[in-house]
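Trainee: These are the residues of each chain, in order.
2 protein chains.
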Amino acid sequence: VTETSSPGDSLLQSLRDIVGAQYVLTDTHDVQPYVTDWRGRYHGKASCVALPQSTEEVARIVRRCAAAGVSLVPQGGNTGLVGAAVPGYPQDAHSASAPAPVVLNLRRMNRILHVDPVGNAITVEAGCILAHVQNAAERHDRYYGVSLGAEGSCQIGGNIATNAGGTGVIKYGSTREQVLGLEVVLPDGQIWNGLRSLRKDNAGYALRHLFAGSEGTLGVITAATLKLHPRPRAWCTAWLTADNIAHVLQCLARTQSLVGERIATFELLNRRQLEIVRHHIPDLRLPADPEAPYAALVELTDTDGHARLDALMERILGELLAAGLLRDAAIAANSAQRASFWRIRHGISEANRSHGMGLSTDVAVPVAHVGAFIEEASAEVLAEWPQASIVLVAHLGDGNVHFIPMFSHADWAALPKREETADAVRARVHDVAARFGGTFSAEHGVGFVLAGELARLRAPLETALMRRIKQALDETWLQNPGKIFS
Amino acid sequence: VTETSSPGDSLLQSLRDIVGAQYVLTDTHDVQPYVTDWRGRYHGKASCVALPQSTEEVARIVRRCAAAGVSLVPQGGNTGLVGAAVPGYPQDAHSASAPAPVVLNLRRMNRILHVDPVGNAITVEAGCILAHVQNAAERHDRYYGVSLGAEGSCQIGGNIATNAGGTGVIKYGSTREQVLGLEVVLPDGQIWNGLRSLRKDNAGYALRHLFAGSEGTLGVITAATLKLHPRPRAWCTAWLTADNIAHVLQCLARTQSLVGERIATFELLNRRQLEIVRHHIPDLRLPADPEAPYAALVELTDTDGHARLDALMERILGELLAAGLLRDAAIAANSAQRASFWRIRHGISEANRSHGMGLSTDVAVPVAHVGAFIEEASAEVLAEWPQASIVLVAHLGDGNVHFIPMFSHADWAALPKREETADAVRARVHDVAARFGGTFSAEHGVGFVLAGELARLRAPLETALMRRIKQALDETWLQNPGKIFS
Chain E
37 VTETSSPGDS LLQSLRDIVG AQYVLTDTHD VQPYVTDWRG RYHGKASCVA
87 LPQSTEEVAR IVRRCAAAGV SLVPQGGNTG LVGAAVPGYP QDAHSASAPA
137 PVVLNLRRMN RILHVDPVGN AITVEAGCIL AHVQNAAERH DRYYGVSLGA
187 EGSCQIGGNI ATNAGGTGVI KYGSTREQVL GLEVVLPDGQ IWNGLRSLRK
237 DNAGYALRHL FAGSEGTLGV ITAATLKLHP RPRAWCTAWL TADNIAHVLQ
287 CLARTQSLVG ERIATFELLN RRQLEIVRHH IPDLRLPADP EAPYAALVEL
337 TDTDGHARLD ALMERILGEL LAAGLLRDAA IAANSAQRAS FWRIRHGISE
387 ANRSHGMGLS TDVAVPVAHV GAFIEEASAE VLAEWPQASI VLVAHLGDGN
437 VHFIPMFSHA DWAALPKREE TADAVRARVH DVAARFGGTF SAEHGVGFVL
487 AGELARLRAP LETALMRRIK QALDETWLQN PGKIFS
Chain D
37 VTETSSPGDS LLQSLRDIVG AQYVLTDTHD VQPYVTDWRG RYHGKASCVA
87 LPQSTEEVAR IVRRCAAAGV SLVPQGGNTG LVGAAVPGYP QDAHSASAPA
137 PVVLNLRRMN RILHVDPVGN AITVEAGCIL AHVQNAAERH DRYYGVSLGA
187 EGSCQIGGNI ATNAGGTGVI KYGSTREQVL GLEVVLPDGQ IWNGLRSLRK
237 DNAGYALRHL FAGSEGTLGV ITAATLKLHP RPRAWCTAWL TADNIAHVLQ
287 CLARTQSLVG ERIATFELLN RRQLEIVRHH IPDLRLPADP EAPYAALVEL
337 TDTDGHARLD ALMERILGEL LAAGLLRDAA IAANSAQRAS FWRIRHGISE
387 ANRSHGMGLS TDVAVPVAHV GAFIEEASAE VLAEWPQASI VLVAHLGDGN
437 VHFIPMFSHA DWAALPKREE TADAVRARVH DVAARFGGTF SAEHGVGFVL
487 AGELARLRAP LETALMRRIK QALDETWLQN PGKIFS
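As they're listed, the protein sequences go chains E and D.
Per our numbering: the first sequence = residues 37 to 522.
Per our numbering: the second sequence = residues 37 to 522.
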C-alpha cells in the first residue's frame, strides 16, 4: 500500500487482480451503458463495472466489496423497466460520503452448462441470453417456456431476479415457475450450490423462491437449472376484435373452458395502441377490423403434431361469434401471416417509445375485474390529465394490464413538474388497482422506481416481514441498495 | 389468580375463554387422536388440543401461548407421513421442565369462502378437506389440480404447509404451485393478510412461497387462495407393462414429446407392489400381464370434450410397441374400467400397511437417473437386509420414487433394534439418491422423522440459511419445535 493510494484505488486494484484489468471498466464512456437503463430514463453512477467470468470470481468480488463496505449492483442485460439494475440512483438516496456501488455485470458468464431432454431440464450460467436458452432447448427438441420482447438481450439471471413474465405465462407460468435450482453468491461471499434439477424437493424452506424475484437484494444469482417442456409442434394464431372488455373476457373464459391447456397466448390491445403501432410501422396491416375498440392476439399450441388446431380454432370462433362476443376474427393461414400478427405485438415497445412519453404501468387485478379496473382508471386519469390518451396492452389471462397514460412529446415537455407528474399518474392507477385487490407490480418488479409504492400500498406488516428477511440474509444492506426497499 | 392455579391452568383457562370450553380438549382419550399419527407410529404429548373457529381465535391463541412461552403445533387432517403434525415427539427432544405443546387443530375452520370461475381461483379456510375443495371447483365447472390418497381427510392448510404432491403433479404441479395467496398468523400473533387472487404479483419477496412447505415452523396458515384450472372433459386411462425401468422411461419421454400437456398421471409400480395389492384386495384383477416386472398407470386428460384421446392413446401405444418398449398394454374401455385401474393405485397405502413394515421413503432423483437409482439402492439394501423385499411406487414424471424396503411383520418383530434399523435403511436409500443429485424428501416434507437427514445430507450453508430465516420470523422457536430443524 503506497501513501497515495485511496481505499477506492485499493478496491479497484483488487478487482483487477480478480477478473483481469481489462474487465474492470472505469472510463466514463465505457461505464455509461451500465449506469443507464435501456430507455435512457435513469442515469446512475458506479465506482466501476466488473465483468467476472466465473462464480468463484463473483464470490471473490463480493467478499472484497463487503470488506471495503462498498455496495454491489448485480446486472444482466439491463433491460428492466423499474431501474432495478441501475446503480446509485437516485443520487439523493445515497449519502455523499458513501462510495458509489460496483456494478457486477454477468454477461461473460454465458455458458449453457447442461441440457437434459429426458429430465426436461437445462442448466445455464446467469449471463446467458434468454434467446440462447430457447435455442438450446429447441436443439434438444424441447421448449423453454418464457418469451418476452427483450428476449434477444435480456439474461436469465435478470429474468430470475425479477421473476420476468411475458406472453407465455398463461401456459407455462412466470420465470419463477421454471426455476428448479439456483446457484447464488451470498452477501458474505459464500456460494450456495442449490443447482438441483429435481421436479420435486420438499427438504425444508424453498430458498430458490426467495432468491427468485429478490432483484439482487439477497445475493447474486450465478447459475440456474430451469424446467424445459415438450416442444410444440402445432400452432394456430388468431386475431379477434370485440366491442368491449367484457366480451373479450367472455371469449377468454370460454376458450379456456374449451381448450384450456392449449392456450399459449392471450394478449389484449386497445385501438389507441394499434393506432400508435400502425403509425410507427407504416407497412403494417391489421388482420381484421381496424376500427374495433379492442383486439386480441390468441395462440393455441400443441405438442401433438397431428393436432388440427385450425379446425379447433374455427369451432371456437364460431361459438364466440354465435354468442355475439366478436366483431370479427382472422386466423393466420400460414407462418408468414402468423409472423405478421406477432409483428404487431412485438412492435409495441419501440412504437410507444418513439410516440411520446408513455407512463407505463404493470398492474394486475383479478381477471374478472380487468374491465372495471380499466374503466375506472381511465376515467380518473383523463379527468386530471386530459391531454393524455390511454394505451392498453394486457396479458389478459394473467389479469396483467399495462395501462399506459400516453403524453405526446410536446405535451410532456410543457409540463412543469415532470417527475412528480409521472409519480402522480402512476399512483392514481395503482390506487385504482388496489381497490380491486390488485398489485402495482405484476411482472416488472419493484426496483427503485416502485419502492415507494411498495411501502405505500402494501400493509406495513408485509414489508416488515420482507425487511426481516433482508436483514437476516444481508445484514449490512450492501446488496443492490435502494431497490425494493425505499 | 388464586394461589393454587399453576401457569398451565391459567393458559388452559385463557384458551377456553378464547374458543369455548368444549373446544379445548384435555382428556387423555379425547386428545389421543391428535397426538398420534394416522399410521400409529409416533405417539406424542400435548398440553391440550385447541379447536379454533376463526383466524382471530387462532391469533389470540398464538399470542396467549407466546406470552406463556408454550410451543404450538398446527395440525390439519393429521395424515402426514413424517410426523410434522405430531406434538412433543420424540419425548427426549423436549426438556422435562418445558410444558408440552398446544395442538392447534384447524378442522372447524372449513368454509369455502369464495369461488371465482372467471379468475380461476378459490379461497378457502385452512381446515377445508381437500376433496371438498375439489368438489367446490367442480360445481363451478373448474378443477383443482391436487389429487392424493388422503384427499378425503387431509386439509388444505396441511397440504400447503407440507407442499403436498400426489398423482397430478406432472400436469398441475405441487400444492405450492396452486397457491396464489395466503393468510397466516405469525409467531407474535399478528395476522398477515396475503389473500390475493392475482396470477402475477412481483411486489417484493414471495412470502407465500416461504410459508408453503414450512410445516408450521414460521406461522399458522389460516386461509388460502388457490388456482383453479379448466375442468377436463375427456379422459383416457391405460395400463402399460414393461421389462425394465429404462423402457418405461423411454415410454414416458416419447409420450411427453407426443402429447405433452395431456399427461395427467404417469405412475410406476413394480411386480412386488402389485403382488401385495392383489393379496390384500383378492377380487382385484390386473388389466394386463400380471407377471411383468413393471407396470405404469397412464392417464391423459383434455378440456376439449371432443378430443379423441382413445385414438391418440392407441397411436402412442402402437409406437411404443413397435419400438419394443412395451410387453403389453390395455386401455380402459369405460369409466368402470378406469375406476378399476385406479383402484389398484389407491389400494397401495392400505395394502402395504397391512402387509408388513414398509420403510417408505420419498426420494426424488433427476428423471433420467431413476433406473440407476433403483438398481443401486435395491442392491445395497438387499445386501444388508436380505429379508426385505423392494416395493416400488413412483410418480415417474416427477422422478419421485417411493422406494419401500418391506419387512414381513414377523421379520420386523425379530429385529433387535427396530428404530435404529429403520433409520439405517432409510439413510442407505437416501445416500444413494444423494449420489444421483437427489433428495430424501420429494413430497412428504421433513417433519421430525427426517430432520436429522436434512442436517446430514444438505450443505451446512443451506441449513444455516434456513435457520437464519426461522430465527428472523420465529425468534423464540415456539412454532412447531423439533420439525425441519433437529
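Just so you know, the hints here were simulated from the structure itself, not pulled from any lab data.
All values reported here derive from a predicted model rather than from experimental measurement.
Take the hints with a grain of salt, since some may be wrong.
[As the list claims (entries may be wrong)] If you want a taste of the chain D side facing chain E, the calculated C-beta under 7 angstroms gives, among others:
| hint | residue |
| --- | --- |
| 1 | 44 |
| 2 | 103 |
| 3 | 403 |
| 4 | 407 |
| 5 | 408 |
[Claimed, not checked] Not everything, but these chain D residues come out facing chain E in the computed CB check (under 7 angstroms):
| hint | residue |
| --- | --- |
| 6 | 72 |
| 7 | 208 |
| 8 | 224 |
| 9 | 226 |
| 10 | 238 |
| 11 | 242 |
| 12 | 293 |
| 13 | 295 |
| 14 | 296 |
| 15 | 434 |
| 16 | 435 |
| 17 | 488 |
| 18 | 490 |
| 19 | 491 |
| 20 | 505 |
A virtual CB, placed ideally from N, CA and C, is assigned to each residue, including glycine.
Trainee: Each hint needs a verdict: does it hold in this structure or not?
Mentor: Verification of the hints:
Contact between residue 44 of chain D and chain E, as hinted, is not supported at the beta carbon level, the nearest pair being about 31 angstroms apart and thus beyond 7 angstroms. About 19 angstroms separates the beta-carbon of residue 103 of chain D from the nearest beta-carbon of chain E, more than 7 angstroms, and the hint is not met. Because the beta carbon of residue 403 of chain D sits about 4 angstroms from the nearest beta carbon in chain E, less than 7 angstroms, this interface hint is met. Of the supplied interface hints, the one on residue 407 of chain D is violated, with its beta-carbon coming no nearer than about 11 angstroms to a beta-carbon of chain E, more than 7 angstroms.
Interface restraint check for residue 408 of chain D: the shortest CB-CB distance to chain E comes to about 12 angstroms, outside 7 angstroms, so the restraint is violated. With a cut of 7 angstroms, the hint placing residue 72 of chain D at the interface with chain E is violated, because the nearest CB-to-CB distance is about 23 angstroms. Annotation: interface hint on residue 208 of chain D violated; nearest CB of chain E at approximately 10 angstroms, more than 7 angstroms. Interface hint at residue 224 of chain D: violated, since its Cβ lies 10 angstroms from the closest Cβ of chain E, which is beyond the 7 angstroms cut-off.
Against a cut-off of 7 angstroms between C-beta atoms, the interface hint on residue 226 of chain D holds, since the closest Cβ of chain E lies about 6 angstroms away. The beta carbon of residue 238 of chain D is positioned within 7 angstroms of a beta carbon in chain E (closest approach about 5 angstroms), and the interface hint is therefore held. A least Cβ separation of about 5 angstroms between residue 242 of chain D and chain E falls short of the 7 angstroms threshold, and the interface hint therefore holds. About 5 angstroms separates the beta-carbon of residue 293 of chain D from the nearest beta-carbon of chain E, less than 7 angstroms, and the hint is met.
Among the interface hints, the one on residue 295 of chain D holds; its C-beta lies about 5 angstroms from the nearest C-beta in chain E, closer than the 7 angstroms criterion. At a threshold of 7 angstroms, the smallest CB-CB gap from residue 296 of chain D to chain E is about 3 angstroms, leaving the interface hint in force. At its closest, the beta carbon of residue 434 of chain D sits 4 angstroms from a beta carbon of chain E; the interface hint therefore holds under the 7 angstroms criterion. Hint status for residue 435 of chain D relative to chain E: holds, with the closest Cβ pair at about 6 angstroms, below 7 angstroms.
Below 7 angstroms, beta-carbon pairs count as interface contacts, and residue 488 of chain D has none with chain E, the closest being about 12 angstroms; its hint is therefore violated. Restraint check, residue 490 of chain D versus chain E: the minimum CB separation of about 6 angstroms is within 7 angstroms; hint holds. With a cut of 7 angstroms, the hint placing residue 491 of chain D at the interface with chain E is violated, because the nearest CB-to-CB distance is about 10 angstroms. Evaluation of the residue 505 of chain D hint against chain E yields a held restraint, the C-beta minimum of about 6 angstroms falling below 7 angstroms.
Of the numbered hints listed earlier, those contradicted by the structure are 1, 2, 4, 5, 6, 7, 8, 17, 19.
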